[in-house]
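Student: So you can see what is in the structure, the chains are spelled out below.
Protein chains: 2
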Amino acid sequence: MNRPQPVERMVEIIKKLPGVGPKMAERISYHILKMSENEVDRLINSIQKARETIKYCNICYNLSEHDPCLICADATREGDIICVVETPQDLIAVSKAKDYRGFYFVLGGALSPLDAIGPEDIRIDKLIKRLKSGSIKEVIVATDTDSKGEITAVYLAGIIKTLGIKATRLGYGLPVGGDIEYADEVTISRAIAGRTEM
Amino acid sequence: MNRPQPVERMVEIIKKLPGVGPKMAERISYHILKMSENEVDRLINSIQKARETIKYCNICYNLSEHDPCLICADATREGDIICVVETPQDLIAVSKAKDYRGFYFVLGGALSPLDAIGPEDIRIDKLIKRLKSGSIKEVIVATDTDSKGEITAVYLAGIIKTLGIKATRLGYGLPVGGDIEYADEVTISRAIAGRTEM
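Protein chains in written order, with the numbering used here: chain A, 1 to 198; chain B, 1 to 198.
No lab work stands behind these hints: they were computed from the structure.
Any given hint might turn out to be false.
One copy or two, either will do: identical chains are not told apart, so a pair holds if it fits within one copy or between any two.
Listed below are the simulated DSBU-like cross-link pairs for lysine-lysine, each with C-alpha atoms no more than 35 Å apart in a straight line [claimed, not checked]: (1) K34 x K161; (2) K166 x K16; (3) K129 x K161; (4) K137 x K15; (5) K23 x K98; (6) K34 x K16.
What you are looking at is a predicted structure, and each value in this text was computed from that prediction instead of being measured.
Make the full structure from the sequences, and use the hints.
Tutor: The following block contains the structure:
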């Protein structure tokens, strides 16, 4: 005996969500079958509501209920500095470090030659347009520190400098609150290179 | 800056699905925001369709498009033997071992004193009713082999025997295709106790 066809279909579709394997998709599916009518409505409504109300900001491509988003509409921010991130989640993470008061730009991914993701697949053309139009003096490249993020950062730095704008990268080093014992050697090397006088 | 409220709400609801932590709920939520209209429709439709068409079989409490389910409606099966499992997923697993040709009963969980799940929270009364009504000669207790499943099995065995019916439990031992090196000691002890002559 196999799973009933409608359950099978639900499992197949849920399996495609990021980080969800076949076993987990099955668990989630049977859980959904056991949920109350109310709970299922809430789940579906939350998805529909988010899909309806959340859009891309046409300036920074952050996801927001507003266009332009609240950050881009904030006139008190420093207008000559932009922080480039890969995803809206990264933007939220950077914004939680309260020190930064400039604007943002969300690339929507990173370059990945192995996955055939090139400059035309992320918003590099839109970033160039934005850099050309404004009075931007510095771009902080805050892509991830994995190989894709690094490739993207190097690629972006080239473009940014060609436009006569200063390109910077977030500093490498030990994460605050971390145990040196567990830091990997590359991070430690970077932290030594970036050591500061006390 | 925090996540937009509708995203926050979606994350909170998705976080409650089994095995989904906060980080994963966030990843899934942003993935859903990036999905095409079509993909979102497929996801929601598969959930709604499964909810509408799948019901409990009123004989064995398996989930099925039919009531009675195809197994309970199958007159070629052996009518005097029932296999008791915790969940519909367990039923599917047992049914894939083609040797068993009897019927099933899905408890809908296991006893768990620590979680205050007692006999009235799973379908023990319905199982007793079924055992009393039929011409059942043997009940195979196929609950999980964790502590909850074991407690449930012992509890059920008592009831089954009181009704004058034979109670059996699935055999313990090494899983087929497994490496002895990675088997835990309890499983090995059980396998030694259950050794067979070659």
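Student: With reference to the structure, classify each hint as holding or not holding.
Tutor: Right, here's what the structure says about each hint:
1. In this homomeric assembly, K34 and K161 come within 35 Å of each other (Cα to Cα) only across copies, at 31 Å, whereas the closest approach inside a single copy is 57 Å.
2. Taking the shortest Cα distances, K166 and K16 never come within 35 Å of each other, neither inside one copy (41 Å) nor across copies (45 Å).
3. Proximity of K129 to K161 under the C-alpha cut-off of 35 Å is restricted to the intra-copy arrangement: shortest distance 14 Å within a copy versus 79 Å between copies.
4. Taking identical chains as interchangeable, the C-alpha atoms of K137 and K15 are never at most 35 Å apart, the minima being 45 Å within one chain and 41 Å between chains.
5. Only between protomers do K23 and K98 lie at most 35 Å apart by alpha-carbon distance; the minimum there is 22 Å, versus 41 Å within a single protomer.
6. Taking CA atoms no more than 35 Å apart as the test, K34 paired with K16 passes in both settings, with 21 Å inside one copy and 13 Å between copies.
Hint violations for this structure: numbers 2 and 4, all remaining hints satisfied.
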